[in-house]
Amino acid sequence: MADPQPFRLLIAGVSWPLETFITRLIHGLAAAGMEVTIASKKNPPPDWAARQHVQFLRIPAANSPWPVRLLHTGLVTVRALFRAPGDFRRFAANAEGGGWHARLQCYRRLMPFAGKRWNLIYFPWNSGAIMFDGLFELRCPVVVSCRGSQINLAPHDPNRAQLREALATTFRHAAAVHCVSEAIRNEATQYGLDPAKARVIHPAVDPDFFQPAATPPPARAGLRLITTGSLVWVKGHEYALSAVRRLVDRGVDARLDIIGDGEERARVLYTIHDLNLADRVRLLGRLHPEAVRDRLREADVFVLSSVSEGISNAAIEAMACGLPVVTTDCGGMSEAVSHGVEGLVVPVRDPEAMAGALAALAADPALRAKLGRAARERVLRQFDLKHQIKSFVTLLTDAARK
Amino acid sequence: MKIALLVPSFPKLSETFIVNQFLGLLERGLDVHVVCQHSLAAEWARFPRLLARPDARRRVHVCWPHEPRWRAAFLLPAAVACGAARRPSGVARYLRRGASERGVDVLRRFYLDAELIRLQPDVLHFEFGALAVGRMYLKDWLGCKVVVSFRGYDLNYVGLDDADHYREVWERADALHLLGEDLWRRARRRGCPADKPHSLIPPAINAEFFDPGPRQHAETAGIASRPLRVLSVGRLEWKKGYEFALQAIKLLKDRGVVCDYEIVGDGDHLEVAAFARHQLGLEKEVRLPGPLPPSQIKERMLAADVLLHAAVSEGFCNAVMEAQAMRLPVVTSDADGLPENVVNGGTGFVVPRRDPAALADKLALLAAQPSLRQQMGEAGRQRVLKQFRLTDQVSAFEQLYARVANRAA
Numbered sequence: 047m048a049d050p051q052p053f054r055l056l057i058a059g060v061s062w063p064l065e066t067f068i069t070r071l072i073h074g075l076a077a078a079g080m081e082v083t084i085a086s087k088k089n090p091p092p093d094w095a096a097r098q099h100v101q102f103l104r105i106p107a108a109n110s111p112w113p114v115r116l117l118h119t120g121l122v123t124v125r126a127l128f129r130a131p132g133d134f135r136r137f138a139a140n141a142e143g144g145g146w147h148a149r150l151q152c153y154r155r156l157m158p159f160a161g162k163r164w165n166l167i168y169f170p171w172n173s174g175a176i177m178f179d180g181l182f183e184l185r186c187p188v189v190v191s192c193r194g195s196q197i198n199l200a201p202h203d204p205n206r207a208q209l210r211e212a213l214a215t216t217f218r219h220a221a222a223v224h225c226v227s228e229a230i231r232n233e234a235t236q237y238g239l240d241p242a243k244a245r246v247i248h249p250a251v252d253p254d255f256f257q258p259a260a261t262p263p264p265a266r267a268g269l270r271l272i273t274t275g276s277l278v279w280v281k282g283h284e285y286a287l288s289a290v291r292r293l294v295d296r297g298v299d300a301r302l303d304i305i306g307d308g309e310e311r312a313r314v315l316y317t318i319h320d321l322n323l324a325d326r327v328r329l330l331g332r333l334h335p336e337a338v339r340d341r342l343r344e345a346d347v348f349v350l351s352s353v354s355e356g357i358s359n360a361a362i363e364a365m366a367c368g369l370p371v372v373t374t375d376c377g378g379m380s381e382a383v384s385h386g387v388e389g390l391v392v393p394v395r396d397p398e399a400m401a402g403a404l405a406a407l408a409a410d411p412a413l414r415a416k417l418g419r420a421a422r423e424r425v426l427r428q429f430d431l432k433h434q435i436k437s438f439v440t441l442l443t444d445a446a447r448k
Numbered sequence: 041m042k043i044a045l046l047v048p049s050f051p052k053l054s055e056t057f058i059v060n061q062f063l064g065l066l067e068r069g070l071d072v073h074v075v076c077q078h079s080l081a082a083e084w085a086r087f088p089r090l091l092a093r094p095d096a097r098r099r100v101h102v103c104w105p106h107e108p109r110w111r112a113a114f115l116l117p118a119a120v121a122c123g124a125a126r127r128p129s130g131v132a133r134y135l136r137r138g139a140s141e142r143g144v145d146v147l148r149r150f151y152l153d154a155e156l157i158r159l160q161p162d163v164l165h166f167e168f169g170a171l172a173v174g175r176m177y178l179k180d181w182l183g184c185k186v187v188v189s190f191r192g193y194d195l196n197y198v199g200l201d202d203a204d205h206y207r208e209v210w211e212r213a214d215a216l217h218l219l220g221e222d223l224w225r226r227a228r229r230r231g232c233p234a235d236k237p238h239s240l241i242p243p244a245i246n247a248e249f250f251d252p253g254p255r256q257h258a259e260t261a262g263i264a265s266r267p268l269r270v271l272s273v274g275r276l277e278w279k280k281g282y283e284f285a286l287q288a289i290k291l292l293k294d295r296g297v298v299c300d301y302e303i304v305g306d307g308d309h310l311e312v313a314a315f316a317r318h319q320l321g322l323e324k325e326v327r328l329p330g331p332l333p334p335s336q337i338k339e340r341m342l343a344a345d346v347l348l349h350a351a352v353s354e355g356f357c358n359a360v361m362e363a364q365a366m367r368l369p370v371v372t373s374d375a376d377g378l379p380e381n382v383v384n385g386g387t388g389f390v391v392p393r394r395d396p397a398a399l400a401d402k403l404a405l406l407a408a409q410p411s412l413r414q415q416m417g418e419a420g421r422q423r424v425l426k427q428f429r430l431t432d433q434v435s436a437f438e439q440l441y442a443r444v445a446n447r448a449a
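These protein sequence lines map, in sequence, to chains U and H. With this note's numbering applied, the first sequence covers 47 to 448. With this note's numbering applied, the second sequence covers 41 to 449.
So that you can see chain H by itself, here it is in the shape it has in the complex (with noise of 0.2 Å):
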């Protein structure tokens, strides 16, 4: 069974997730592929897992280039040849289903498609629900079936004003994955059939690496001499809600309990937080340190007294998972899965989104009570080893291939 994970960038920082996949289905011996638009070797160089397995390069499939335009039309008797010398038959049936189907713009297909073409995968999966508007034809050209994963962004504003954005992909995806229940009901919210197959797969992290030993919560923090030291982390994005978090250390400020809080990341947001610390008077208490490689953000982990996580739309985040196991309690929002992330009351606070005082009081709670951010903790990393393995997820993948692939067409 060839399995292709279609995604637009690999490998990414941000998408560390799929590296993960990707590598735990080598490991278990599948014959997994990644196809992608861009692959840059500065990314290759954080991911020294990736580097030391020489078969994953070979397995990356970066598509032929769609820019600039002119260079396209060139390229494709090349990409059409190089298809037909090793697969001719998968060659004859994409141009005979998709002449019939679309006429003459099968030759542009074609030319996006190539290195699915030559790949010629039984299980084609795409990564994020986005990418597979618009290609649901590839299950019958290719032969192929199709496994669709919803993360967040693509069920939560992708196509909203367009009641059939994912139609297609309702009626002739195989199978869908999502991170968890509330993906699966917004899903149904936008049409899709609750009798669809699926699987609730939620992420799963390196519980190995993000190991903090033991460690101890101990000191009362918030206080001059000793401020309570909050951390983010992730992409500097409007749906991170970085502006909401930073309106509680504003309060908190004003209610006399001290901070010190860092945002990890990057992106266009960046402007808007800087902005906001300004506006609210934080520039003592705030450091927009940029990205961090993974062994950094650890660092940051174990420093922190708490992690904030005040998103309006989220999927699930990993990087509160991550927190939970370093030991570090988190207090979130309660944007999608972040309430099936976090345990409300057991691993940390789940509060609703878009409500500064409400992040406030539940950093303030553990700013005063040391013994509760030590038990937060302790649960957050037990929570992650029962729940999030990377090896359950890995074999919750392979049992949906195979399920998918087992199916009669």
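Just chain U, with the same shape it has in the complex (with noise of 0.2 Å):
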């Protein structure tokens, strides 16, 4: 029986331009039947302003000139004031005892949503429930995404020793938590997180956009590798671009596509040549999902270099498109590749071994395309987009009973 009542929901913690990821995701909920509200600082894009059952909330943005935002935070701020004094005085308390500018930051945040309800507001990031950790007050139901960097590596940071507390903070008033591998669920674990609360739905990829060319690419020379990841330290580019290296000297003709950009982009491109691999290895930069596509398709073998992970999306996206996939050992990346089966695990930081199983794929093309139609097979299984939508509508939906 349908409920007479749309599902009302609320994301929050996000910022345009959005994740592929999350704009799949928020489509797919949209296309179910939610009511979506995304709750941002800036404007979305013009391809988002009509869409059906997706509306916008607007936060005053806190890199404004300081008059347009007092400005506009004293107008949410007098609109709280009068249409719902009682979430008034719980935002209001919810600021207290930082200093005035912390607490204007704290009204800034809130006060847009004093009067409003939702059946559920979902966090796609940990930073986002920590950041609007006020809307805790609303009494919503509330859903937290764990995707990775939160939970792998800033808890280990020395600056930011205070995030382990937000964490536990969140993770108790969160009525179910969304973990995207089995491996980031037991790190969270640690920060508190109730495995019970815990549900495991791993990314997904839309397998009829990806998937391997319709005729093969001709036979040839070579080893043509290809990653995809942003040029950050996290994605341990250094270290595949050695195993490269230690390739080509082993004989194996390769070349390396890096698709993505980012805060690295130097260390990557100095590496490249000081390895001697400006002839063999393309920055490829930041590509659109077709080029991406595009791009897997020509491919031979997806490497990933992660010292860590959640889960790699790229690596499924790869794995669709019927690659082989030579993995670190990292986060989830065992949940979605199984060593011999759709690929090789090796360790994290080891490009010799990384090397090795390179080599050992450039040897036996039979081998290669073995992996690759398990690889596509397993998305089908595991990642295809449409069980991971209905997944998530479950997991909201009950967490909205709680």
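In short, the hints are calculated from the structure, not lab data. Every residue gets a Cβ at the ideal spot worked out from N, C-alpha and C, and that includes glycine. Check the hints yourself; a few may be wrong.
[As the list claims (entries may be wrong)] Listed below are the simulated SDA-like cross-link pairs for lysine to any residue, each with C-alpha atoms no more than 20 Å apart in a straight line:
(1) LYS432/U x ALA78/U
(2) LYS324/H x ASN205/U
(3) LYS324/H x ASP203/U
(4) LYS324/H x HIS202/U
(5) LYS179/H x ARG447/H
(6) LYS324/H x ALA207/U
(7) LYS324/H x LEU199/U
(8) LYS293/H x PRO393/U
[To be verified] Listed below are several chain H residues computed to face chain U (Cβ distance under 7 Å; list not exhaustive):
(9) TYR197
(10) GLN256
(11) ALA314
Could you fit the two chains together into a complex? Lean on the hints.
See the structure below:
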């Protein structure tokens, strides 16, 4: 029996442009009949404006000129005071304790939500839940996602000692917690996540979009490697490049395309030159999904050299395109790739082992084809977008009943 | 002869060599000035030797503020008036040359260069190659000679995907200064003509300050009762290769060599080092105390058995020189200038970069052989006293400036 009232969902703690996987999720939820409100600091891009079942809530931006910010904050505060005095009181209490500046920040963030109610509030990032922890005062059930660095990396940063406590607070208040992998769920239990609240839903791709080329590429000499990932330290590009160097030294005619951009572009570029790989490695920059797919279809093997991952969407996209994967054994990667089935799994920070795995694949095209087929099948079985949306609808509606 | 040293920020703990160069030239009686974008009071407090020279502060010139831009627009008339009052002919030349080459843009340039125009140096010294890019016009507009230093990162990765990034510098600079042979090779690989006037002047350190007195490396280390005390000093940045250093410590731990490793420094790779420490299970063995002043670095070097420097890119590395001065054996990678800094097998060991196993081997060797540590430490001190003396460095700069200034235009 369908609910007479549509399910009202608030998505907070996100910023434009939304990541592809969050976009796909929101479209899926709206298509499943949910009324979605996206709260953010900027206006949505034009292609979002006319979307059905999706509304927008503006929060005064922290980086706008201060008179604009002050005026905007003042308006939402006055509105809150008259329209929802109860919420106003609760938010004001939440803001207490900081200096006037911190308090103003808190008003700015929270007051736009006063007087509004949703069936559920969903934070796609832990960091969003921490920043908007005042929204727990609305007494709507809350779901938070654990995706990667906030759980795997940030708690070890000596400069972010207060983070562990903040994570514990949000886990305590959340009705349910979504984890992108079993590995990250286990990691998060250290910071106060009750396993009974946790629900693992793996990321997913659209296997109709990411699919192998209709005609396989013609046979050719050499090994074409590809990797997709921001040029940031956690992706471990330096290890992948060292592995390529070793592979070439072993006599394999290997080439690598790197899709992505990021703050350590200079590091990656330097390493390419330092290892004398400038004629073998290309930095392609950030690409649209169509272009990513086209590049994947031209490649022989997908490489993931990360030192930490929640679980890599990029690897799953490559698997959907029928590519075998050589990945480090980090985070949830072993939940997507079983060694010797869909690809090869090597230890983190070990270019020698990675070169060995790549050499094995270079020498055996039949093995590559077998692993690639298995990779595609695994995506259809385990990482299909259609299943993921269903799981999310179940997770969110169950949590809302609590 | 008036010399202007151009740097982004002055003084800076991580760029103590600029302070040394400035003070050294000043003590020789040269008319030397520093022109910078920022100068922080907190940093001045860290350099007692600077504060001890009352004229030093007068010779440090902070450029007019760029940001916010609307304020810069208001300050422009003041900058022009200020310059015109003191150096009418210099201002006229700058505006005349500038207007003919760049049109109205000369006004924006004038604002950014106001301190240099007011100073009218005979020799303008860009202390980092990257600073000189797009500013070689100063040579004509100020009517001065230009010297450009290359210290590592500028040749290693700045503008690496642009073949012409330094072309103007190669064409127009009157002379280059490089820290060593390796950088000179890199400069030529990036298009510098082989006949370009240049000086190889290695950095220098204050060997009187970094003097440990007699010290004994007497104990076998690497056992539970006496761990091998390994020290690294340097900013926490990707180019310092700390992930490889930490892997080396992990390999030693797996072999049963007990280490106690400390990384002194600060930077955006603190989280990277902290995560690697966690991932490699080295929470007990590794400390990250943050940045420390030279006096405490000296203490840490006195207490350590070996200095580890696993950089993947490094101009020369002052910390490695300081360690040698402190009779501390060093284990370093072969990045850039390090093989010129350290005598492999003499004052320490130089191993391939990105090779934790090679680092671990040499650390284990030094742990087991106190006599080798003693011998290498002593050789290090002698090397610094012979090769990296401040007075020699200052003389070399003095000669470089004199040569450039006397050369006909």
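Now for the hints, and whether the structure bears them out:
{"no.": "1", "hint": "LYS432/U x ALA78/U", "verdict": "11 Å, holds"}
{"no.": "2", "hint": "LYS324/H x ASN205/U", "verdict": "19 Å, holds"}
{"no.": "3", "hint": "LYS324/H x ASP203/U", "verdict": "16 Å, holds"}
{"no.": "4", "hint": "LYS324/H x HIS202/U", "verdict": "14 Å, holds"}
{"no.": "5", "hint": "LYS179/H x ARG447/H", "verdict": "14 Å, holds"}
{"no.": "6", "hint": "LYS324/H x ALA207/U", "verdict": "18 Å, holds"}
{"no.": "7", "hint": "LYS324/H x LEU199/U", "verdict": "18 Å, holds"}
{"no.": "8", "hint": "LYS293/H x PRO393/U", "verdict": "18 Å, holds"}
{"no.": "9", "hint": "TYR197", "verdict": "4 Å, holds"}
{"no.": "10", "hint": "GLN256", "verdict": "34 Å, violated"}
{"no.": "11", "hint": "ALA314", "verdict": "5 Å, holds"}
The structure is inconsistent with hint 10 alone, although it conforms to all the rest.
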